[in-house]
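Given chain A, put chain B in place with the hints provided.
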Amino acid sequence: MNPSFTPWLRHPTVLRIVSPLLLGAVLLGLWQLACVAWKVPVYLVPSPVDIGRTLVSDGPMLFGALWMTLKITFFSFALAVLIGTLAAFVFVQSRVLEASLFPYAILLQVTPVVAVAPLIIIWCSNTTLALIICATLVAIFPIIANTVLGLRSVNPGLLNLFRLNRASRWQVLLRLRIPSALPCFFAGLRIASGLALIGAVVAEFVAGTGGTGAGLAYQILQAGFQLNIPRLFAALLLIALTGVALFSLMAVLARLSLRNWHESELG
Amino acid sequence: MLMQTITGASALPQALPRADSVGVQTPLFANQVEKTYSNGTQALSRVKLAIQRGEFVSLLGPSGCGKSTLLKMFAGLEKPSAGHVRWWGKDSPASPTQGQSLAMVFQEATLMPWAKVSDNVRLPLDLANVPKAHSQSKVDAALALVGLDRFSQVYPRELSGGMQMRASIARALATEPNLLLMDEPFGALDEFTRNKLDSDLRQLWASRDLTVVFVTHSIFEAVYLSSRVVVMGARPGRVIADIEIDGPLERDEAYRTSPAFIAQCARLSRLLAEANGDPC
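Those sequence lines, one after another, are chains A and B.
Add 277 to the 1-based position in the first sequence for my numbering, that's all there is to it.
Add 104 to the 1-based position in the second sequence for my numbering, that's all there is to it.
Keep in mind that the hints are not guaranteed to be accurate.
Okay, derived cross-link-like pairs now, EDC-like style, lysine to aspartate or glutamate, Cα gap no bigger than 20 Å in a straight line [said to hold, decoys possible]:
hint	chain 1	residue 1	chain 2	residue 2
1	B	220	A	542
2	B	176	B	195
3	B	300	B	253
4	B	220	A	540
5	B	194	B	182
6	B	300	B	212
Over the 12 Å line for every Cβ pair with chain B, so calculated as not near, a few chain A residues [unchecked claim]:
hint	residue
7	292
8	329
9	330
10	355
11	374
12	393
13	433
14	448
15	449
16	456
17	502
18	505
19	514
Derived CB-CB ranges, DEER-like [as the list claims (entries may be wrong)]:
hint	chain 1	residue 1	chain 2	residue 2	range
20	A	522	B	233	50 to 60 Å
21	B	150	A	385	49 to 59 Å
22	B	240	A	536	18 to 28 Å
23	A	433	B	150	20 to 30 Å
Derived by calculation from the structure, the hints in this document are not laboratory data.
Even for Gly, the Cβ is constructed at its ideal location relative to N, Cα and C.
Just chain A, same shape as in the assembly:
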């Protein structure tokens, strides 16, 4: 590409926002064209226009389900951040604590939520609570692991400086460990935000709850049974957009707090 010929395409904002949108539009156009040209039946692959039409006609139902999924995602994400960060603080207080607790955190991580979900759903009479617990279990590990790593990655010279100036444990935590941990913490947030959404959807698949409190996963299941493929695609689209929005939100948060000093957010 000749940079003097198309300089606007090289502009960072254009590059980050416009170019993926442009690619998306082109792909959607091709998809629409292919569907029309080969007369693909709508119960196999609906065209983008079909999906858009369903999004409007089934709007109240789909957005209600989205709201439910969002609630579970946000609650479990918040819980994961809260509990995960507290656990990380406990872990870095002593090596003995970390050594005895960390294997169980790993156990939590490697056990698939699909396998645990039925148990949790049996134990909890409240389905929403059961879903939140499942999603929290999925999202919490990257928060713990990254925050522990961050709280430990302290410049040893700075630690010596704090010791030399008789800093209390509290001062070291507040003025040294927490700021040092921020870059790793935000990396953890980014992973966990996506996992909370995945957890919320997967748990609902397992729970298979319907009725008024149904989320997007239930809509996908139902649409599948009824071969209502355009609705299935519409629900899928909403989940994907939610994930992208969450990820972007975390990226903005990281940028706001690190832009002045951390290498990852410079330039």
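Just chain B now, kept in the frame of chain A:
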């Protein structure tokens, strides 16, 4: 006078004060200090050293001679395996804001990247809970002293290596210490920057009641800066010579090429070679 000019390594040991006579005029006194690590490596062997008020003492030696370990002990960051260190005759250094106090400058600038230069310099005062209204003037004064007054509101990454080191020195000076410990502070800088900082440091020392202990492996730097050079040998780390540098008080660039300067350097170089054998 406790200190005497020594003409060669054979003139050791230097006359040292008795432990009970060490007082406010002796910011640092190491008595038969040893350091043996748990793996059996002996880093320091029976180091006896007294540093008097107002001296600029360089600890000079090859890497592995334990000079940084000794400096960490002087800072109270490491405990000797045997022997003891006294600060102004007491067995622990005073806290940074109370009277006789010490500050340290590390090999790297070790600034907090998330804090502006002025907040970095204020850190020791903040940690001692000095109210901001009171600490601001000290921070400004320290920054002016190292020539960084225009850069108080920038982040460390925006400064060059030399300026970061200046900020680090300003941070050490913010508590107005009587004893400044410096661990190869200019080792990572280019020669021009290093010479400039050496000369500024020398002036700073001459202008106030400040005792400096400066670790270096550069003979030229040691001779240029110091009123006294303690030459150390390796395996195990020990003091092999203790030499007074009789240069002028005012040391300008011309001093770096004067015959007296070169003669002192040559002598130190010879001592180091004798004590440490072939360079490895």
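Failing hints, ascending? Violated: hints 13, 14, 15, 16 and 20.
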